[in-house]
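**Q** Residue-level listing of the chains:
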Amino acid sequence: MSLQIKNLVVYYQTLSGYVKALDDVTLSIRDGEIMGLAGESGCGKTTLGNSLIRLEPPMKYIKGDVELDGEKLPIWNSSQMNVFRFKKISIIPQYAMNALNPTIKIGKLISELLSSRKFNYKKIKPELERRLDLVELTHDVLSMYPIELSGGMKQRMVLVLSTLLDPSLLIADEITSALDVSTQKAVAEMLVEFRNRKIVKSMIVITHDISILYQIADSILVMYAGKLAEKASTDVMINTPRHPYTKLLISSLPKVGVRYAEKKLSGIPGNTPLLLDPPIGCRFRDRCPVAFDRCFKEPPFIEIEKDHYIACWKECI
Amino acid sequence: MIKLENVSKIYRTGTFGGKLLPAVVDVSFDVRDGEVVSLIGESGSGKSTIGKMILCLITITSGKILFDGVDISTLRKGDLKNYYYNVQGIFQDPFSSYNPIFKADRIFSIIRQEFFPKIKDSQWNKKVDSSLKAVGLNPDQVLNKFPHQLSGGQLQRFLIARALLLDIKFLVADEIISMLDASTRVDVLNLLAELKSKGLSILFITHDLSLGYYISDRATILYRGCIVEMGDTKKIYFDPVHPYTKMLMASVPRLDKKWEKVEVELKAKQAEITEGCVYYERCKSPHKNKKCAFQRPELVEVSPDHFVSCYL
Numbered sequence: 001m002s003l004q005i006k007n008l009v010v011y012y013q014t015l016s017g018y019v020k021a022l023d024d025v026t027l028s029i030r031d032g033e034i035m036g037l038a039g040e041s042g043c044g045k046t047t048l049g050n051s052l053i054r055l056e057p058p059m060k061y062i063k064g065d066v067e068l069d070g071e072k073l074p075i076w077n078s079s080q081m082n083v084f085r086f087k088k089i090s091i092i093p094q095y096a097m098n099a100l101n102p103t104i105k106i107g108k109l110i111s112e113l114l115s116s117r118k119f120n121y122k123k124i125k126p127e128l129e130r131r132l133d134l135v136e137l138t139h140d141v142l143s144m145y146p147i148e149l150s151g152g153m154k155q156r157m158v159l160v161l162s163t164l165l166d167p168s169l170l171i172a173d174e175i176t177s178a179l180d181v182s183t184q185k186a187v188a189e190m191l192v193e194f195r196n197r198k199i200v201k202s203m204i205v206i207t208h209d210i211s212i213l214y215q216i217a218d219s220i221l222v223m224y225a226g227k228l229a230e231k232a233s234t235d236v237m238i239n240t241p242r243h244p245y246t247k248l249l250i251s252s253l254p255k256v257g258v259r260y261a262e263k264k265l266s267g268i269p270g271n272t273p274l275l276l277d278p279p280i281g282c283r284f285r286d287r288c289p290v291a292f293d294r295c296f297k298e299p300p301f302i303e304i305e306k307d308h309y310i311a312c313w314k315e316c317i
Numbered sequence: 001m002i003k004l005e006n007v008s009k010i011y012r013t014g015t016f017g018g019k020l021l022p023a024v025v026d027v028s029f030d031v032r033d034g035e036v037v038s039l040i041g042e043s044g045s046g047k048s049t050i051g052k053m054i055l056c057l058i059t060i061t062s063g064k065i066l067f068d069g070v071d072i073s074t075l076r077k078g079d080l081k082n083y084y085y086n087v088q089g090i091f092q093d094p095f096s097s098y099n100p101i102f103k104a105d106r107i108f109s110i111i112r113q114e115f116f117p118k119i120k121d122s123q124w125n126k127k128v129d130s131s132l133k134a135v136g137l138n139p140d141q142v143l144n145k146f147p148h149q150l151s152g153g154q155l156q157r158f159l160i161a162r163a164l165l166l167d168i169k170f171l172v173a174d175e176i177i178s179m180l181d182a183s184t185r186v187d188v189l190n191l192l193a194e195l196k197s198k199g200l201s202i203l204f205i206t207h208d209l210s211l212g213y214y215i216s217d218r219a220t221i222l223y224r225g226c227i228v229e230m231g232d233t234k235k236i237y238f239d240p241v242h243p244y245t246k247m248l249m250a251s252v253p254r255l256d257k258k259w260e261k262v263e264v265e266l267k268a269k270q271a272e273i274t275e276g277c278v279y280y281e282r283c284k285s286p287h288k289n290k291k292c293a294f295q296r297p298e299l300v301e302v303s304p305d306h307f308v309s310c311y312l
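Those protein sequence lines, which keep their order, are chains A and B. Following my numbering, the numbering of the first sequence begins with 1 at its first residue and continues without gaps. Following my numbering, the numbering of the second sequence begins with 1 at its first residue and continues without gaps.
Pulled out of the complex, with its shape left as it was, chain B reads as follows (with noise of 0.2 Å):
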């Protein structure tokens, strides 16, 4: 389905744009067909980035992303606006994606307008209705009213109603459940599960742990840009081997177990990125030594489908 090759970005910042800014560092990874992969890391570690770059929103700076074999960077205007038919994001704030003056159904109309701009009345309100009933709203209750008057679930699930109307088989979900009450959380969730069982693949990214367990088959944690392990789901939470992944696994708050007494390190400063392993500074490690401060570790099969990027 989509496939990310050395795939890097690279930010210019500064006044002049003088300085680098390293967002994203040669990441490769590929979500398979009818797939729920997890992308997880802290804030800045470039999980964003991807989603956008495989949404053609920023450029790529070097690498390439694939969709079922096609290069995306390559694509213009008409073949463009297919990919946008296959492929489709939704973001974390769902407010922030109406314009509050329109009524929250003029999302469907603009595709409309756009995409099927010969179909009936009579058989386009169909096709909203029946993507509406598939996100498990009432349209009844929702059509003709203003974002304000919605709720935040209400409103995601309208965000998911109008990617459904295209049809397609990619989705980029950017932390779309963070902003939701707990509540609401896991019906969207469960909603995302649906789809991916009716062949939709689905690339969510997130920073909460136990909402990325919950639904993934694979899942890549990304430190400062840079894949430090990725691959099965359950080994990835029951079976840890990076460092950084497993201070995450200890810090994850949950309902079943108290904080251990695990030192955690603090994020210090953005450092400046060096020849060496990424997580270098933060690591607490007894088996760290002078190759990781110089060489920068390779992704390693430790296990059959379970990528480390460490000497240890």
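Chain A on its own, in the form it takes in the complex (with noise of 0.2 Å):
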């Protein structure tokens, strides 16, 4: 086991009170796994992730566990989790190719990341061309500012730089969502192809396009309003999700070949809770379409067959 996490709990902290963006959560990843995480906006996937690497306010840590490879992270102390950062556990933030710092070139960024972390850079070099090899950048870009390359080549850069002293995780959060589809299937290999070298153990992947997910993940865990809702395999979960809004979700993907004349899709009715006051028990009852009187208790997220989670009383029974 890769990454193991047990019922963490991390609040915003707002004027009016705890934001419940993330509830309970407990999950493990394998050695070698990817894993994509997918669900609405505001459901939770990228407070997730942003908690395993940098826990700040208004983030606060409630409770729970996070271990990494047999190692108890304390995410909940912003410099001791220093040491793990970048070498043990890495992210690609969303929005990454645009921090990169526009006034300098993108090998002097990399040798003051380097520095910052007591690397040599001039060790580091043969590897860093490696990898740019890797991933079809010329070394040039070396030398380049972040403003002559284009999205997909940044996005590129971003996931060498992060991957660097190779970290056993790797978070990428929406790191697809701004690129075209040809730059989008080629991102996404790179991200197969690094794990396949073993340049990183395992990774999440956070995004919103269930179908980039279906192409490249091992297993696929859906969130819905700061829980955890389904875990399967990649497969399973896309031709036989038990979940009900798993289910509604993925029935309203348009695929190619559906069309509107011939196969009417139809979306969820209503909206998701406020974290602020989320309700009582399940919290997608109010749009859930199979509903009964049981949902206003909290369902577990429990293993109803191997590795397959899920946290609805009617699938349980």
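Hints listed in this document are in silico derivations from the structure and should not be mistaken for laboratory results. Take these hints with a grain of salt, some might be off.
Said to hold, decoys possible - Away from chain A, derived, C-beta distances all over 12 Å, residues of chain B:
#, residue
1, Glu5
2, Asp68
3, Asn82
4, Gln113
5, Leu209
6, Lys258
7, Glu275
Claimed, not checked - EDC-like mimics (lysine to aspartate or glutamate), calculated; alpha carbons at most 20 Å apart, straight line:
#, chain 1, residue 1, chain 2, residue 2
8, A, Lys264, B, Glu194
9, B, Lys235, B, Asp167
10, A, Lys87, A, Glu129
11, B, Lys133, B, Asp167
12, A, Lys255, B, Asp208
13, B, Lys258, A, Glu189
14, A, Lys255, B, Glu260
15, A, Lys264, B, Glu260
16, B, Lys258, A, Glu262
17, A, Lys264, B, Asp208
18, B, Lys284, A, Glu136
19, A, Lys263, B, Asp256
20, A, Lys255, B, Asp232
21, B, Lys258, A, Asp209
22, B, Lys257, A, Glu148
23, A, Lys255, B, Asp256
24, A, Lys247, B, Asp256
25, B, Lys234, A, Asp209
26, A, Lys263, B, Asp208
27, B, Lys246, A, Glu189
28, B, Lys257, A, Glu136
29, A, Lys255, B, Glu175
30, B, Lys235, A, Glu71
Fair warning: this is a prediction, and the values are worked out from it, not measured in the lab. Glycine included, C-beta positions come from ideal geometry on N, C-alpha and C.
Put the complex together from the two separate chains, hints included.
**A** Rendered as structure tokens:
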């Protein structure tokens, strides 16, 4: 087991109280697993990714344990986490490609980053060049400014940068969403390639685009309103989902070959609940077509088949 | 309805506007009454530029855009206002279409000031209510709220309702669903399809091919400002001819099929526009020859309602 999270609870502190963005998350990721994390905006997927590496105000750690390769991560203490960041666990944050410092060349950016972690740029440079070859970037990019690169090139550059010290876990947050389909495919396949070459041991790929996950992920976790809804292997999740939310979500995606005139798809009626004061019991209850009395109690996230976890009373019986 | 004839747009870039950047090159297509045409292309292919030219937001460098036979670049004041009465646009980011200081329904009162200054209050409220209902919103729940109190899907539908107030005939929908969540996305798409069945023509600009297929009758594929393939949606999706379209179709992430091992040629840095085929540098076709490099292929009809610009 590469990563193990037990009962993790992270809230956002606001003037009107806690926003319960991440409630009681328990999950594990195997060595070599690419786990896709999907859900609507505001479901807590980015919060989960960020809390593993950079838990800072207004985020507030309430309880829970995180273990990476058998070592406990002090996620509640930002300065103690410094030992792990970049070396053991690394993240490609949302919009990372727009966060490259525009005033310095990329090579300098990397050397400054490495020296801040007490690594020697010269020693790492041959490896860096090898990685650039891997993502099909020329070595010239090191002497270029970020503005000279296209979106896909920047995204590949960030991928190389985040994985330079061979972290055990990489969190990739929406890295393909701003790219064109052809570039998207190339970047997504590079993620898999990095795993296959054991540069990173395991990955969490956060995206709202489930069809990308179907292409590259080994397993998919779907979240809803700060809670885990369902986790299963990719094929099971796409073809035979069990949670009512996942079923509706997957059936609402337009596929190539489906037309309005022939087959009308439908969305999920209703809105996600406000997490400042979430409803008691199952948070999907109000929008769920099969909700019944028992849903006023909170459903546990349990394993119903091997590697298939679900939080729904209807499916547990 | 709308007809583009050899439309080009060349931007001036560089410090003193000395460099020329052709964004749209010699594009001709039309959108018929009650038809949805999707305009598909990657970023920088000029699809939004075409949308903006149709909406008269930017000038046309050469060529003509005809609306019901009238050249829109000749429209002035009153006629232009009349044009906006018929043609409206909705853009990608619903949050930035609103002024966060004012309530969201201010977009309706602006329309009232501009186009219906003499209408009575009760009549106007009825009109707003009915157009909100037409987009599937409950007026009691959404009126009198600030933009941050509404969700992205609601704001986007608000903008469609605003367009409906004007009794429009043509809508430019520029990536209107890419910011929405999967569960609300389909609702907005279905709404467009419903409006289409009532006679509205839509230019649906998107980079998401599966969404384009779901709703449109015809599709136009753009690459670096040029049309490479256009025609009946079914033909383009299931029988693509141009190597670029083929590559696009192979790289769409699908839920029913895993990616095949197709070599995806990464986009090179924007190269000079040459006399030859725009796709020449990235083209992987084994039949590619010298002619491709020096002479740009014309759009040729390969089968009824299916045009391709390729020699192969």
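**Q** If a hint holds in the structure, say so; if it does not, say that too.
**A** Checked hints:
| no. | hint | verdict |
| --- | --- | --- |
| 1 | Glu5 | 28 Å, holds |
| 2 | Asp68 | 26 Å, holds |
| 3 | Asn82 | 31 Å, holds |
| 4 | Gln113 | 31 Å, holds |
| 5 | Leu209 | 6 Å, violated |
| 6 | Lys258 | 6 Å, violated |
| 7 | Glu275 | 24 Å, holds |
| 8 | Lys264/A with Glu194/B | 11 Å, holds |
| 9 | Lys235/B with Asp167/B | 33 Å, violated |
| 10 | Lys87/A with Glu129/A | 19 Å, holds |
| 11 | Lys133/B with Asp167/B | 15 Å, holds |
| 12 | Lys255/A with Asp208/B | 11 Å, holds |
| 13 | Lys258/B with Glu189/A | 12 Å, holds |
| 14 | Lys255/A with Glu260/B | 17 Å, holds |
| 15 | Lys264/A with Glu260/B | 28 Å, violated |
| 16 | Lys258/B with Glu262/A | 24 Å, violated |
| 17 | Lys264/A with Asp208/B | 18 Å, holds |
| 18 | Lys284/B with Glu136/A | 17 Å, holds |
| 19 | Lys263/A with Asp256/B | 16 Å, holds |
| 20 | Lys255/A with Asp232/B | 18 Å, holds |
| 21 | Lys258/B with Asp209/A | 15 Å, holds |
| 22 | Lys257/B with Glu148/A | 35 Å, violated |
| 23 | Lys255/A with Asp256/B | 8 Å, holds |
| 24 | Lys247/A with Asp256/B | 15 Å, holds |
| 25 | Lys234/B with Asp209/A | 24 Å, violated |
| 26 | Lys263/A with Asp208/B | 19 Å, holds |
| 27 | Lys246/B with Glu189/A | 19 Å, holds |
| 28 | Lys257/B with Glu136/A | 26 Å, violated |
| 29 | Lys255/A with Glu175/B | 17 Å, holds |
| 30 | Lys235/B with Glu71/A | 56 Å, violated |
This entry does not satisfy hints 5, 6, 9, 15, 16, 22, 25, 28 and 30, going by the numbered hints stated previously.
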